[in-house]
Each structure stands twice: as structure tokens, then as C-alpha cells.
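Visitor: Listed below, chain by chain, are the residues.
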Amino acid sequence: MAGSPVQVTGTVLTTRRVDAYHALTVVAPGIADRFRPGHFVTVAVGGRNTSMLTRRAFTVHDVKPDYGGTVELVFGVRGAGTAWLADLRVRDTLDLVGPLGRPFPLPRDPCTCVLVGDEHGSAALFALGDALQQRGCRVDFVLGAPSADRVFGALRARRMGETTTLTTEDGSLGMRGRVTDVLPGVIADARADVVYACGPMETLRGVTAVAAEFGIPVQVAVEERMACGIGVCMTCVVPVIGDDGVTRMLRACADGPVFRGERVRFDDVGTIPFDALGAPGGRHA
Amino acid sequence: MMADLRTYLAHVELPNPILTASGCGGTGRELAQFSDVHRLGAFVTRSITMAPRAGRPTPRMAETPSGLLNAVGLQGPGVEAFLERELPWLAERGARTVVSIGGGTVTEYTALARRLAEVSGVTAVEVNLSCPNVEDRGRVFAREGSAAAEVVASVRAATPYDVPVIAKLSPDVADIVAVARACVDGGADALAMINTPVGMSIDVDTMRPALAAGTGGLSGPAVRPLAVRCVWQVHAALPGVPIVGMGGVTTGRDALELVLAGACAVAVGTALFHDPYACPRVLRELEELLQARGFDRLADAVGLAHRPAGAQPRTRTDLEESSL
Chain A
1 MAGSPVQVTG TVLTTRRVDA YHALTVVAPG IADRFRPGHF VTVAVGGRNT
51 SMLTRRAFTV HDVKPDYGGT VELVFGVRGA GTAWLADLRV RDTLDLVGPL
101 GRPFPLPRDP CTCVLVGDEH GSAALFALGD ALQQRGCRVD FVLGAPSADR
151 VFGALRARRM GETTTLTTED GSLGMRGRVT DVLPGVIADA RADVVYACGP
201 METLRGVTAV AAEFGIPVQV AVEERMACGI GVCMTCVVPV IGDDGVTRML
251 RACADGPVFR GERVRFDDVG TIPFDALGAP GGRHA
Chain B
1001 MMADLRTYLA HVELPNPILT ASGCGGTGRE LAQFSDVHRL GAFVTRSITM
1051 APRAGRPTPR MAETPSGLLN AVGLQGPGVE AFLERELPWL AERGARTVVS
1101 IGGGTVTEYT ALARRLAEVS GVTAVEVNLS CPNVEDRGRV FAREGSAAAE
1151 VVASVRAATP YDVPVIAKLS PDVADIVAVA RACVDGGADA LAMINTPVGM
1201 SIDVDTMRPA LAAGTGGLSG PAVRPLAVRC VWQVHAALPG VPIVGMGGVT
1251 TGRDALELVL AGACAVAVGT ALFHDPYACP RVLRELEELL QARGFDRLAD
1301 AVGLAHRPAG AQPRTRTDLE ESSL
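Listed in order, the protein sequences are those of chains A and B.
Numbering-wise, the first sequence is residues 1 to 285 according to this note's numbering.
Numbering-wise, the second sequence is residues 1001 to 1324 according to this note's numbering.
Because the hints were derived from the structure by calculation, they are not lab data.
A virtual CB, placed ideally from N, CA and C, is assigned to each residue, including glycine.
You can take every hint at face value.
Across the chosen pairs, the derived CB separations fall in these ranges:
1. MET1207(B) / MET201(A): 15 to 23 Å
2. PRO146(A) / THR1215(B): 31 to 39 Å
3. GLY215(A) / THR1215(B): 42 to 50 Å
4. ASP243(A) / THR1107(B): 30 to 38 Å
5. ARG191(A) / ALA1081(B): 41 to 49 Å
6. GLY47(A) / ARG1093(B): 30 to 38 Å
7. GLY76(A) / GLU1118(B): 49 to 57 Å
Partial list, derived from the structure: chain B residues whose beta carbon lies under 7 Å from chain A:
8. PRO1052
9. ARG1053
10. PRO1065
11. LEU1068
12. PHE1273
From just these sequences and the hints, can you work out the full model?
Guide: Below is the structure:
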């Protein structure tokens, strides 16, 4: 569980378009102070008396100390809620709760880390990259998306990373293909010790498989549909194998979003595995 | 002067009428990050089952206009883990805990009630009657007065005399008053309504049901008129029975609406997903509204909308005397 999340009514400081995405910077000192890489925030959309009851969860792209602390969110317009967010102007207010979730665990000693981001999932990687570099780690980026305008943060990754490999499915930027196609080469060249990944479930599953081949640990931040973000609604569950070998349906918001990749049963996401704790007719039932 | 917000579930006094709705407050730990659980009138747990339950596959949730469809499927650790890890934590923090129980058979409900009778820290037992009855082709107990009454009677018999039993009713019935009356005849000390009506949503992009389970329970402000109607009808028929009203309460005004319809306590559910501070906020707003209308006591407002048109608004329905 996150240290102590707070609810903040923050003022929008800047809005900008980043290729296919929108970015909002919001003044939220209480959240910025407590933020660790991997944390996420939820926002209420639609204003007062909204008909949209669920909060939208977003990874935090950047935290800055200006105005007591700001957070920047990056999102693509996918529905009425994100469309409302995209229409926000400077000086509008936004109801945020955060920081939520468990952050990325950081290595104790300097090592080589490959950071993999698919689409706007890569937004979460830059704060992580900063934290890793402060610990003397080498950071290599692999960023991908279906097309060039949906690759997020390529410039920043180039400045920050030892190497940066870009992939697009249509070949409009970097290599043609997916991040998982180039990942084995990057891991081998960098002699990576650990992989961190953010993005859609399918990508995380591929990244985990690659890391498993190399026998190195992989930390994934999962994206699952949430209603509350604080762990009460039980809708964002994923099957995860525990230390005791038992699969449990864990909440992506409160028990995650960061899990060890090899512990997440990606093949069974969207189902209740028959051997999960409490599965209907299962051995623990 | 502050209004007197104390309320009674049968003989149990609660310091204020705002509860969490079952399944909407997690284990209590999640909400405690935002506000103290002992400030609630009572904390209502998610429905506890005998064995651990993994629940339904995802997606479990779909947003609808002013509503939320969910099909979580009572995911939980089972009663033993609940008694070991969750109930003591709530007791330690001074929360009054209403334990919701769910089962597939009358025997299972009874066994749960017996197990709860062995421990301390249970303020009341809420019987979630919207569980499929495995012995009756999966029809929910709440659909029929006799099935509901059978569960309530057996839970009442297994529960200590000083722990009230609350029957939670579903609005998906032809005659909610008949089911309510059957539950009270079966021994229910109080009634809670409404559980979520069953709804469905289809994703027109994938052209498949939005929920993995197909159908789900609809909650949120979309169902509030339904809740007000149910509370109104049951309070009119059974004016002496305490009612916990719930269904789409997001503000103090919504809570007051249910109180005026006849609820002596109000549970906040889906609003917690939107605003983790919803309970203390609704309580504050309700208190302000009562004061603005000149009420000294919450009890004076309970069921007040039933007074005949033109009657003085200050008829005194004295719950404190009538309930003991």
C-alpha cells in the first residue's frame, strides 16, 4: 500500500500536445512530495456533478518542485473522460488522488537496466531512469508504438539513456516491429542485469518472456481497468503467483501496479485460473 | 447547536447515520488512509463467505451514465482469514463493524453466523440475500420472501441476542414490501436496501458484453430513485423497522432524501470510488442540512416525507423510545 495518498484539488499549470498525446501539469504539492517512480494518480473527470463515476488512473510522467510541487500526466484521448481532460485549460482545477500503488523497487548496487515502454506507457520510465542514474546505474531505453506519433519521449530517452532503440510497427520511426523484437539484442549488447517495462498487457507478457530467456529479473507495471485506484472496488485484479506458490487475484492498484514479471500469469489475465485461491471448483475452494 | 445525529439499528446505538455500503470500503485499511474508520457510524464489510473466493474474471466493471456496473463476484479471503486479519484490525481502531455474510445455501449462512457468534467485535450481521441459491437453480434468495425468510431465521437463531441481524434486500422483485415483511417475520431486526439491480452493458466496438460475467449490479446515482422508492414503500408498510438506506448517495442531500423516505441510517457505496472522503463529507453535509431545516435530532427527520400534505413538518417520530 502506498505511504499515505492525499486528495488534492490542483490547478492546471500547463497543457500541451505531445504528438498523439496530451500532457497536463498540475500543481499538487502533497502528491509531488510523496511520489516515487512507478506511483500513479487518479483524477476525477467531468467536473462537479459529473455522470462519470470512476476515477481515471494515470502514471506520472514528471514531478517538479515548482509552485511547491507539480505532477505531469500524459494520456491519449480514448473516451469521454480523457476527452474532458484534454479540453482542460490553464488555471482550471483538477481533483487528484495520489500517489497510489507500489513504486518500482530499485537495485541496491549500481547495475545495468533496460527500460521498455510501449506507447504512452514510456511516460512512467523517465522518473525511474532518473532514480536509477542517481544510484549509478546504466540505463538503456527501448521505446515503441504502432506509429511514430505515438512513440512517447524518444528525445528525452536519447538524452538520458546510454542507448535508445525505437520501434514502430509501420516503420515510420526506428526499427520496424515491436519492442519485444529488438529487446534481446539490447539486453545482450548492454549485458543488462534487470528489465523494467510499462505498457499494454501483451507487451509486458512479451518482455517478461524475453527477460526469462536471459534469466534476468523483470519488473512490470500493469495497466488494468480501475474504478477507484485505492483498492476498494476489486475490479482491477490480475492473477499473480505469491511467495508461497499460490495464485491470487491481486489488485493492480493496491498490490501493484508493479509486479515481478515472472509472477504475473499473463496467459490467464481476464480469467480466473482454476488453481487460483478461491477459484470455483478449484483445489483451494 | 449541533444536531443530535445518533441513530439506532434495533437496540445498537450508532454515533452517526453514515455507513459504508458492503463491498465498497474494502477491508477498511484502504479508507483509513484518508479518514478514520471509527468516525463512521459503522463500517460494513464486503460480503464474507465461508471459503476463499477468487471472484469473477475481468473486466468486472463498466461505467454507465451516472452509474457503475460491476460483477466482482464476492472476491474475498474467506471467513477464517477475515477473522484473523481484518476484524481485529477494525476493532483495534474502534470501528463499529457490521459484518456482511454471503452464501450459496441456508447451511452456509448459518455456519457463518455461528462462526461470527464466537468472536467479539461484531456490531451487527448483515445478510446479503442477493447471492444465488445453489439449491434452487441459482435464483437469488432475495427474489422470494420465503427463501429470504428462511436464511434470516436461521442466521437470527445462530446469532447472539444482542447482535442485530440486518436483511439486505434486492430491488429486483415484484413486491419488495412482501419480501421485507417476510424477513422481519423471520426475525430480521433491521432492513438494508437496496442491493444493486442487475443491469447489462454491451461494448459496441467489440460487439460483446462489457463485463466478462455478462450482467452486473448497477450502482451509483442512476439507481437512487429506485432506492428512494423501495425505502418509501417499506417504511410505509413497516414503520417500526429500522432501515439502512443506500443507492447512489453522493451528497448530504441524497442522504437526507433517503432519511425523509424512512431510512434511519444511510450507506455510501459507489461514491467512495469517486471520492475516498465521501463518508465524512456526506455526514457533514447532512448535519448542515438538518440544522438549516431546524432539526435538533436526526430521528425527527426519519420518514418525515410520509406526513400528510399540509401537516406541520415537526411531527415527532420518537425512534429512541420505539426501538427498545
